[in-house]
Amino acid sequence: MFRYLTEWDAPMPIAVKPLSPAIGAAVTGVDLSQPLDDAVFAAIMAAWLRHSVLVFPGQDIADEDQVRFSARFGRLGRRKRKVARPEAGDVHPAVMLISNIRRDGVPIGSLPDGEMMFHSDGAYTDVPYIATFLYAIEIPSVGGDTLFASLYAAAEALPPDLRARIEGRRAVHTYYAGTTDKANPAASLSGEAAKPILRVHEQSGREALFVSRLMTDRIEGMDADESAEVLEALFAIAEREEHIYRHRWTPGDLVVWDNRACNHARTDFPGGERRLLRRTTVESLEGADPLQGVVA
14 MFRYLTEWDA PMPIAVKPLS PAIGAAVTGV DLSQPLDDAV FAAIMAAWLR HSVLVFPGQD
74 IADEDQVRFS ARFGRLGRRK RKVARPEAGD VHPAVMLISN IRRDGVPIGS LPDGEMMFHS
134 DGAYTDVPYI ATFLYAIEIP SVGGDTLFAS LYAAAEALPP DLRARIEGRR AVHTYYAGTT
194 DKANPAASLS GEAAKPILRV HEQSGREALF VSRLMTDRIE GMDADESAEV LEALFAIAER
254 EEHIYRHRWT PGDLVVWDNR ACNHARTDFP GGERRLLRRT TVESLEGADP LQGVVA
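Under this note's numbering, residues 14 to 309 are what the sequence shown spells out, in order.
The hints are simulated quantities; they were obtained by calculation from the structure and are not laboratory data. Built from N, CA and C at the ideal position, the CB exists for glycine as well. Wrong hints could be hidden among the right ones.
Distance windows between CB atoms, simulated [what the hints assert, rightly or not]:
hint, residue 1, residue 2, range
1, 242, 73, 44 to 52 Å
2, 118, 253, 20 to 28 Å
3, 118, 77, 24 to 32 Å
4, 263, 173, 41 to 49 Å
5, 283, 118, 15 to 23 Å
6, 255, 280, 14 to 22 Å
7, 176, 254, 49 to 57 Å
8, 47, 261, 24 to 32 Å
9, 151, 181, 14 to 22 Å
10, 119, 70, 44 to 52 Å
Model the full assembly from the supplied sequences, consistent with the hints where possible.
Written as structure tokens, this is what we have:
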């Protein structure tokens, strides 16, 4: 029987277990190598909208399985970087490798090395990614963990005086070449996109604090000093320990997160150890499964 999501009455073979008070849940009893029936997928969607991050441990899935599952959530994003591996000709255009593995000195994937500060995927684009799916294939013995921070919890934790300073304002996001240092604006790898700092999630109806240390550059309508001061205060709230779930990867984990509701960061790991994950994204609700529903 399906447990925890009491709004679903039909018998289902899955269970959802929260991973922290603020964010994240583990989903067991589902095999993502097979197509999902409508009732099971509806329960997964409800859990995702409630918890923002879902972990599916022990999965054995191929590229096409991950693509099929991702496409239930909406229109797939497209890979923006080349794939360099022998079977690259057969790689779906929605699949991107995240890896430090190199062939002839060239990474076979993207975002290969070290730590990454908190960010939301695609925040610097006009239409940020809605969902990101990451499947673990090879994992180092230590490090390379992913931290997920609830932007719902951050919005709820705002002091009234700080909230008053940002209500109705927008922040400008960009993507810098560095993953831990954004001191050089000339190193931007993208254009800019401005988004409301306080955003209402179009499916859950909840308010999120949409800023991140890696990608948020400034607040529109504030001078540089005030903007920096306010952003640092917002980052500190968003990155509070009580708002975070830390995922320590095991091969076979598939994790899907909601970029509208959380930021994520990566911890450092030994450069001499292999790390390989497969990523897909959803960029639009267009084409999403009609059973996805809305969970307040």
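**Request:** Just pull the numbers of the violated hints for me, sorted ascending.
**Result:** Violated hints (numbers, rising): 2, 7, 9, 10; every other hint is consistent with the structure.
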